[in-house]
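Q: Construct the entire structure; sequences and hints are all you get.
Number of protein chains: 2
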Amino acid sequence: MSHLLFDKHRATLDGALHAIATRGYWSPYSEMPSPKVYGETAAADGKQAFEAHLGRNFELDQPGQSGWGGKEASPYGVALDVRYPLCDHEALIAAGLAAMKGWQAVGAAGRTGICLEMLERLNRQSFEIGHAVMMTTGQGWMMAFQAGAAHAQDRGLEAVAYAWREQSFVPAETVWEKPQGKNPALVMKKQFELVGRGVGLVVGCGTFPTWNTYPGLFAALATGNAVIVKPHSNAILPAAITVRTLRAVLAENGIDPNLVTLCVAEQRSVTQALATHPAVKSVDFTGSNVFGQWLIDNCKQAQVYAELAGVNNIVIDSTDAYKAMLGNLAFTLSLYSGQMCTTSQAIIVPAGGIETDEGHKSYDEVCADLAKAVERLLGKPEVACAVLGAMQSTATAERVEQANGASLGRVVLASRKLENPEFPGADVRTPVLLAVDAADEACYMEERFGPISFIVKAADTAAAIALSERIVSTHGALTVGLYSSSQDVIDAMTEATWRGKVALSINLTGGVFVNQSSAFSDYHGTGGNPAANASYADSAFVANRFRVVQRRYHV
Amino acid sequence: MSHLLFDKHRATLDGALHAIATRGYWSPYSEMPSPKVYGETAAADGKQAFEAHLGRNFELDQPGQSGWGGKEASPYGVALDVRYPLCDHEALIAAGLAAMKGWQAVGAAGRTGICLEMLERLNRQSFEIGHAVMMTTGQGWMMAFQAGAAHAQDRGLEAVAYAWREQSFVPAETVWEKPQGKNPALVMKKQFELVGRGVGLVVGCGTFPTWNTYPGLFAALATGNAVIVKPHSNAILPAAITVRTLRAVLAENGIDPNLVTLCVAEQRSVTQALATHPAVKSVDFTGSNVFGQWLIDNCKQAQVYAELAGVNNIVIDSTDAYKAMLGNLAFTLSLYSGQMCTTSQAIIVPAGGIETDEGHKSYDEVCADLAKAVERLLGKPEVACAVLGAMQSTATAERVEQANGASLGRVVLASRKLENPEFPGADVRTPVLLAVDAADEACYMEERFGPISFIVKAADTAAAIALSERIVSTHGALTVGLYSSSQDVIDAMTEATWRGKVALSINLTGGVFVNQSSAFSDYHGTGGNPAANASYADSAFVANRFRVVQRRYHV
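Keeping their order, the protein sequence lines are chains A and B. Each residue of the first sequence is one higher than the one before, starting from 1 at the first, in my numbering. Each residue of the second sequence is one higher than the one before, starting from 556 at the first, in my numbering.
Keep in mind that the hints were calculated from the coordinates and are not lab data. Ideal Cβ placement from N, Cα and C applies to all residues, glycine included. Just so you know, not all the hints are guaranteed correct.
[Said to hold, decoys possible] In silico SDA-like links for lysine to any residue, alpha-carbon gap of 25 Å or less: (1) K101(A) x E1050(B); (2) K189(A) x R1054(B); (3) K182(A) x A879(B); (4) K101(A) x T174(A); (5) K372(A) x N404(A); (6) K744(B) x E495(A).
[Said to hold, decoys possible] So the derived list for chain A, only partly shown, Cβ under 7 Å to chain B, looks like this: (7) W176; (8) N298; (9) S521; (10) G527; (11) G528; (12) S539; (13) Y553; (14) V555.
A: What follows is the structure, given as structure tokens:
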């Protein structure tokens, strides 16, 4: 049965394998919420499916359940009131371990086929999951559909493709024949079994509950492990829908559904107990540096794949498309109110200003013009609400207030609160831009999550590049950008990013933004600076999640 | 120039890539010290080259040298008196980091070609290195030549092949073209740079100074890292010869030779400072559990690949080749005086005895017959000395004395001291066999390194298999064996090894031994039990040693 699913989805798998090897654009899951792709009734059906969860117990039929819990507050001010099963984490681990035997037995091809079926089923739920992501994270609808559904599925598929590629290198068996000169050769049959390492724990974040969860979830699953998903306390629903679908696909294929479970943990101590449990062999985490470092320091029994905070930055040296550059930056700073792990926080500009196609622009002019570009982009309220979404947490809103108070630098553009007519309870904020000197490191050289960015005045371009590299090396970054018309500057920045190990976007002035990372083509994080110790996705993301156990005997 | 070397060695690389994918027998480096292969004068030349090192300073021209040190005591009682450079470890790290830029610039193919050239040059030095291994470790000559030279080169090549395979998956560049409906497509050029993570530290062991060093050394090197080799204090010479050759090949190819250095550390604190240095990003270690666990617990900045101690074991259920089984076991227990990390320590036999082709044999008969088989194998002194080699350390000799004293179990076969006429100073010991009950766990359930083995009496075969699994899961093992004529028993043991994650050898009665692991075919260690957290070699052994740094821009 499982191999039937492998055959069924073979073209998708082959497409993904080709894409990760050639890294051009590719995706099997449409990012457009179009009725032509998803069906005429898909939008309405998906919204209804989402709404049907509200005010209800979300049944999962997991072992060790002691009651119901979980309390999400929607950034859009919508009442969700979904209650989730609270299960003893030891029971989830025991059930996961027990389910691994059958999961091993279907083999890598069987597991891959079932994972691909899971992804197809999640794709059919894209509207339902899109609404769940939107309402729990505060993302705008289009972003929630794209990043929360289609692109998350892409990242899950990417992990499955890597996992398959590595597992498929190990032959099931071989005959080993060693010549012995004039004597008969030594001949042995050898068989190689792929075995998952144990339980994989996947700890989700509050802003991207699927996009940052699916890579680890599918990497661990495809390589033969059980998985416990521990969602962020404010973004449970997208994970719960996902887990329910995965459990259904497992059961349909004769696999114990307890291979994948949801752990709603109301205390951090439960997550800590899970993460350090001897049976847990991998931890995938997206979130704060404090807890991420705790995991790296304490989970000695597990491989930890952590995406933490960083200070993404951009160096502006010069440009031959000044307006387009400002427009591109304005969108980057505004999208989802800067609540992306890839949003630029520090924009480094030489004190002497920059050369552009519109003539020389002083540092102050760059500041003022960027502020104007943001205001222009967000001039229409309906556009602004769609782009900005809502504040995901009160902590982020408080940071914006603080920045508005000029305590962190001269306010070039103050954040404004906007009304969202459709969601009166939404806390919508425009970006705040602050001008600071490079010496004011205390202001800009730590992550200030949310729509808070600094235009940092550096001595010159060389100093700007050096500052960018130091930020990356000491505080980490998932993205850096450069605007320059000089090949020498581009080369210098390129070498700086090799040393700092961070992805570089050069002269983005069109429809691609520094905070966007495209599955199968862009490596999200390098794993080489403090912002992340792993990448979505590469061989290292999957290769250490399974073991090869061999047996050999004479024939 | 580097690409010329890639082309020169392409056939060797292709052979290795084919071998790791199909896992049949293959080796480009002859394990026979034959003049036909290595040249008529190779044996004499190699011995002379080895002897030329004795009583001299071993020049390496490394930075930060403060003096000379290192004092090896040959297990054969031969005066070595080689002195090695003592270098400031900070200077070695700084020099290694500086050398990485040029190493990155030659690219994966260039690095692979240079590594293959290094291996070819080491192969030409096989006699010299074989003598160095023999004289520092106490291995017999044939084993020192095979394991210390040819097989170590195989393992190094295997790591290079894995490293090349993983690196070659990352294209240098691509064009990413995303359709935009009726609008022009978004088109970007993306370039992907492979970047080493930093300095790799390789900590060698006293028994296999090349075989256990080359995998980590070549894996780290081929993936773009600098490497510092920290040899065991009593087996420096084989590592020093290796490092000198690698430095020569680097220099010939325009690479700063300080990419690879030798660190002779007279205090453990220096090794600890190296292993926890922020610039050190990988640590390859073979040795004791105590220091290995210290590394895992403290080297949070680095990926640690550790091969530690274990309790290898064999379950005997039944056999249809009793004599051959005993002969095979006798050789395993005797080879290099049981001083291999793969030597069986616990042989588990049902209390009710076993069925054989020679009729039923009681537990006591199995004990007595195995003792006789060992005595028979070691009956001729010249054979005994060639097989046994010498005690690598006084600690091992002391453990043998202790075991002879019956404090750990009933002595079935006492260890004897033998004279080696060629090396009067050699401390040669035959194996000691002890009979214990399964309940006497304190005796046999920790590694007692050396020629000390236990014949453990278990209730029955099922209990024996359960005991084997528990030993593997709690104390670790690199190898387990099984003798059985019953497919049900073979299946039960196979499943136990999947759970315990340990390699299984079944019914070895001929010229293959449970303690032997053949490069390109056998995975040495699974990385899934306490004896080792990594395997020689698999994708996981190389994939996390480099990073992909991308840049992208519109075209």
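Q: Look at each hint and say if it fits the structure.
A: We went through each hint and held it up to the structure:
1. For the hint pairing K101(A) with E1050(B), the CA-to-CA distance comes to about 10 Å; that is within 25 Å, so the pair holds.
2. Proximity of K189(A) to R1054(B) is assessed by CA-CA distance (about 21 Å); at most 25 Å being required, the pair is judged to hold.
3. Distance hint between K182(A) and A879(B) is fulfilled; the C-alpha atoms sit about 21 Å from each other, no more than 25 Å.
4. Restraint check for K101(A) and T174(A): satisfied, since their Cα atoms lie roughly 24 Å apart, inside the 25 Å limit.
5. With a C-alpha separation of about 17 Å, the suggested pair K372(A) and N404(A) falls inside the 25 Å cut-off, and the hint holds.
6. Of the pairs offered as hints, the one joining K744(B) and E495(A) holds, with about 17 Å between alpha carbons and a cut-off of 25 Å not exceeded.
7. Here the hint on W176(A) is kept, as its CB sits about 5 Å from the closest CB of chain B, short of 7 Å.
8. A distance limit of 7 Å between C-beta atoms decides the matter here; for N298(A) the minimum to chain B is near 10 Å, and the interface restraint is violated.
9. Because the beta carbon of S521(A) sits about 5 Å from the nearest beta carbon in chain B, less than 7 Å, this interface hint is met.
10. A least Cβ separation of about 6 Å between G527(A) and chain B falls short of the 7 Å threshold, and the interface hint therefore holds.
11. Residue-level restraint check for G528(A) holds (minimum Cβ-Cβ distance to chain B is 4 Å; threshold 7 Å).
12. For S539(A), the interface hint holds, the least distance from its beta-carbon to any beta-carbon of chain B being 4 Å, beneath 7 Å.
13. Hint status for Y553(A) relative to chain B: holds, with the closest Cβ pair at about 4 Å, below 7 Å.
14. Interface restraint check for V555(A): the shortest CB-CB distance to chain B comes to about 11 Å, outside 7 Å, so the restraint is violated.
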